[in-house]
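Residue numbers (my numbering), protein chains in the order written: chain A, 373 to 921; chain B, 6 to 142.
In short, the hints are calculated from the structure, not lab data.
Heads up, a few of these hints could be off.
[Said to hold, decoys possible] What follows is a set of in silico ranges between Cβ atoms, one per label pair, in the way DEER data are often shown:
{"hint": "1", "chain 1": "B", "residue 1": "Val93", "chain 2": "A", "residue 2": "Leu409", "range": "26 to 36 Å"}
{"hint": "2", "chain 1": "B", "residue 1": "Leu103", "chain 2": "A", "residue 2": "Leu788", "range": "49 to 59 Å"}
{"hint": "3", "chain 1": "A", "residue 1": "Ala389", "chain 2": "B", "residue 2": "Val108", "range": "24 to 34 Å"}
[Said to hold, decoys possible] Keeping only pairs whose Cα atoms sit at most 20 Å apart, straight-line, the calculated EDC-like set for lysine to aspartate or glutamate is:
{"hint": "4", "chain 1": "A", "residue 1": "Lys536", "chain 2": "A", "residue 2": "Asp611"}
{"hint": "5", "chain 1": "A", "residue 1": "Lys536", "chain 2": "B", "residue 2": "Asp120"}
{"hint": "6", "chain 1": "A", "residue 1": "Lys536", "chain 2": "B", "residue 2": "Asp119"}
{"hint": "7", "chain 1": "A", "residue 1": "Lys536", "chain 2": "B", "residue 2": "Asp81"}
{"hint": "8", "chain 1": "A", "residue 1": "Lys812", "chain 2": "B", "residue 2": "Glu29"}
{"hint": "9", "chain 1": "B", "residue 1": "Lys31", "chain 2": "B", "residue 2": "Asp120"}
For every residue, glycine included, the Cβ atom is placed at its ideal position computed from N, Cα and C.
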Amino acid sequence: MMLDSRWIVLLIVLPMATAIVTTFVRRRFALQRVIGLTSLLASLSLSVMWLIPAAGGEVITAQMGGWPAPFGITVVFDAMSGLLLTSTQFVGLAALIYASGALSPLTERRWFHPLAHLLIMGVNYSFLTGDLFNLFVAFEVMLMSSYALLCAGGSRRQLSQAYKYVVLNLIGSGFFVLGAGLVYGMLGTLNYAALARVVAASANGGPALPPAFPVVATMLLFVFALKAAVFPLWFWLPDTYHTTPISVAALFGGLLTKVGVYAMLRLLPMVFAAPAVQGDSPIVAIVAVAAGLTMTVGIMCALAMRSVRRALAMTLVAHIGFPLLGIALMTPMAMGGALVYSVQSMLVVAGMFLCCGIVERLAGTDDMDKLGGLHRRAPWLSVLMLVGAMSTVGLPPFSGFYGKLMILREAFDPSLGVAWRVLAFAVIVSGALTLVVMAKMYARVFWISPEGEPALQSHLSFPGRTGGLRGAYVSAWLLIGGSVLIGLAPEGLVSSSLVATREGGEPRAYVTAVLGDEAWTEEGAAATLPIYEALAEAKEHGGTDHGAH
Amino acid sequence: MTLLLAICVACVLGVSVYLILGRELKEVAMGVFLFSHAAHLGIIAMSGQPVARIAGEAVGLKTPPVLGVGPTAGVDPLPQALILTSIVISFAVTAYLLTLLVVTYRRTASLWVDDLAQEGRPGEPVWTDGAGEKGAA
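The whole structure should be built from the sequences, with the hints applied where relevant.
The following block contains the structure:
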């Protein structure tokens with residue numbers, strides 16, 4: 373059965389409806405879980421259903437209320453959105469399964485389910501929307517629920533860290549509104565496709581872009597980099613991920629930073645650092661340097677961490693650098709690599725956080741100094757975490773490898789300057805250091821016991837639910853198993869990612885799908901849209917009407 | 006007019022940055038609220054000439070296609086719609102941030118950034134999947 377293209381809004385409406393429904397039954401946990409899992413399964417199958425044509429190169433669009441593109445709100449489902457949406461639903465599903473068995477009743481009663489669905493709604497909305505202001509709204513939906521999830525439970529420690537995240541993101545939102553407003557003031561539209569068209573037109577002899585355009589672009593880059601936790605803007609992340617319930621940490625780690633990466637992957641090549649504006653824009657250089665610093669400094673911070681959660685959070689931050697380098701290279705292959713890496717990293721990061729949650733529940737701590745010898749007690753957990761760690765490192769049969777390979781191949785292109793080769797070298801160094809981090813973590817958790825004593829004898833009693841690790845294992849297996857499948861059969865993901873980024877800085881298919889067949893012409897500047905002809909006609913009529921008054 | 010608005014935005018932004026750099030969370034919160042006001046003021050100034058021109062005619066959303074009156078007969082309504090949306094969002098966020106500050110103050114008895122930084126030092130194990138009960142004590 374093939375639904376009409378307008379139904380792609382279901383991916384936004386479904387989580388929203390679920391959030392509303394679960395609000396009314398918030399004391400009945402079992403019912404909320406069933407509703408939530410059903411809704412996520414439904415949106416997972418919907419996104420897979422649309423991903424199949426989208427991966428073939430089709431761009432599915434829906435114009436809200438029937439208003440034509442640059443005037444109305446556009447929702448776009450192409451291969452890039454589709455891949456990220458599918459893995460989002462998958463991560464959401466696993467986190468919810470984990471939460472069902474592990475969350476303390478207190479947290480679960482405090483609106484966990486409605487908030488988690490609102491978070492997923494915001495993430496889906498940001499992947500689907502086709503204009504800059506709606507991206508802002510989507511970010512806000514996502515952030516509002518993440519603020520609340522961050523404080524769920526309301527312990528003293530959580531609250532003392534929460535303000536950092538909230539205040540920083542509020543400043544980011546302020547910049548986003550200002551930047552979106554300025555973009556509108558300069559280019560007269562907010563629709564991605566129309567923006568791409570104006571920018572491309574300016575390169576082909578159309579009206580020049582205002583001199584302040586790179587400034588606005590940098591402002592928006594700041595916002596996206598803050599969301600993605602790029603090097604100088606990452607300091608909020610380890611503190612906040614440290615204090616949340618583990619299923620929330622998995623959701624945050626898997627989804628939130630990837631939304632920032634997506635925004636850059638979508639908007640930089642198309643609009644803000646398009647080939648047309650690269651001449652006088654520092655953006656590519658900023659992104660490349662930030663990528664290099666993120667991956668090297670981040671992984672060194674991860675080396676210093678003594679708790680599993682913090683080490684995972686810092687590794688996650690460091691690995692944002694890889695897709696960032698792919699974006700900076702801005703060739704279809706490198707951006708495809710960035711997309712492949714982001715999609716698999718969603719699964720792996722969330723899976724590793726869930727494994728860390730199982731470790732915490734078994735051993736009572738995530739402190740590497742106190743852990744040890746867990747392999748004897750939970751051999752399957754040890755296997756899971758080893759596979760996850762190897763995927764994180766990106767060793768060849770595992771999923772992290774392919775994206776990095778694609779990015780590296782482009783970075784070593786002999787026609788590029790030596791700076792790119794330094795960055796490629798940084799990727800390799802960062803990968804090697806990740807191996808050290810992961811090996812240290814694995815050995816500390818599963819093998820070595822401090823002072824030869826099995827640490828588990830003295831484990832603290834766990835204050836949450838202790839019974840039933842089955843759900844936790846199922847969810848971790850789902851995510852890690854998914855990443856293993858990607859690793860063993862990367863063909864589908866790689867080829868559809870290449871479809872998603874095949875156009876690079878010339879998004880012809882995207883623009884024509886959104887704006888109509890005539891929208892992207894070689895001349896660009898003289899391109900006409902049916903809607904503008906209608907507008908000109910209306911102006912003539914308007915003139916006479918006005919005169920009659 | 007644009008210059009006047011620009012000066013206003015600059016002043017409000019300056020004050021808000023000064024407040025955000027404060028060491029107490031109430032000041033920081035006030036600074037953040039002012040920041041969003043500055044952003045909204047900035048958008049108001051955005052109703053000038055659009056860049057995109059077709060055959061000498063400015064096109065884009067900035068010439069509102071009001072039927073029967075003509076595209077040049079009114080003020081561009083879109084920045085106002087943007088501001089309205091953004092104001093609603095910042096209302097909600099303001100309410101949330103103030104609530105967070107009240108709750109934080111009740112739990113930690115301080116809103117000074119230095120005091121709060123003491124709480125979050127790494128090293129100790131954190132209980133979060135069931136932290137509420139313990140933390141409340």
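Structure-based check of each hint:
Against the hinted window of 26 to 36 Å, the Cβ-Cβ separation of B/Val93 and A/Leu409 comes to about 32 Å, which satisfies the hint. Range check, B/Leu103 to A/Leu788: Cβ separation about 51 Å, and the 49 to 59 Å hint holds. Our hint of 24 to 34 Å for A/Ala389 and B/Val108 holds, since their Cβ atoms are close to 30 Å apart. At roughly 9 Å between alpha-carbon atoms, A/Lys536 and A/Asp611 fall within 20 Å of each other, so this suggested pair holds.
For the hint linking A/Lys536 to B/Asp120, the alpha-carbon distance of about 13 Å falls within 20 Å, and the restraint holds. Annotation: proposed proximity of A/Lys536 to B/Asp119 holds, straight-line Cα distance about 12 Å (limit 20 Å). The hinted pair formed by A/Lys536 and B/Asp81 fails the criterion: a straight-line CA distance of about 37 Å is larger than 20 Å. Between A/Lys812 and B/Glu29, the direct Cα distance comes to roughly 39 Å. Violation of the 20 Å bound is thereby established for this hinted pair.
With a C-alpha separation of about 14 Å, the suggested pair B/Lys31 and B/Asp120 falls inside the 20 Å cut-off, and the hint holds.
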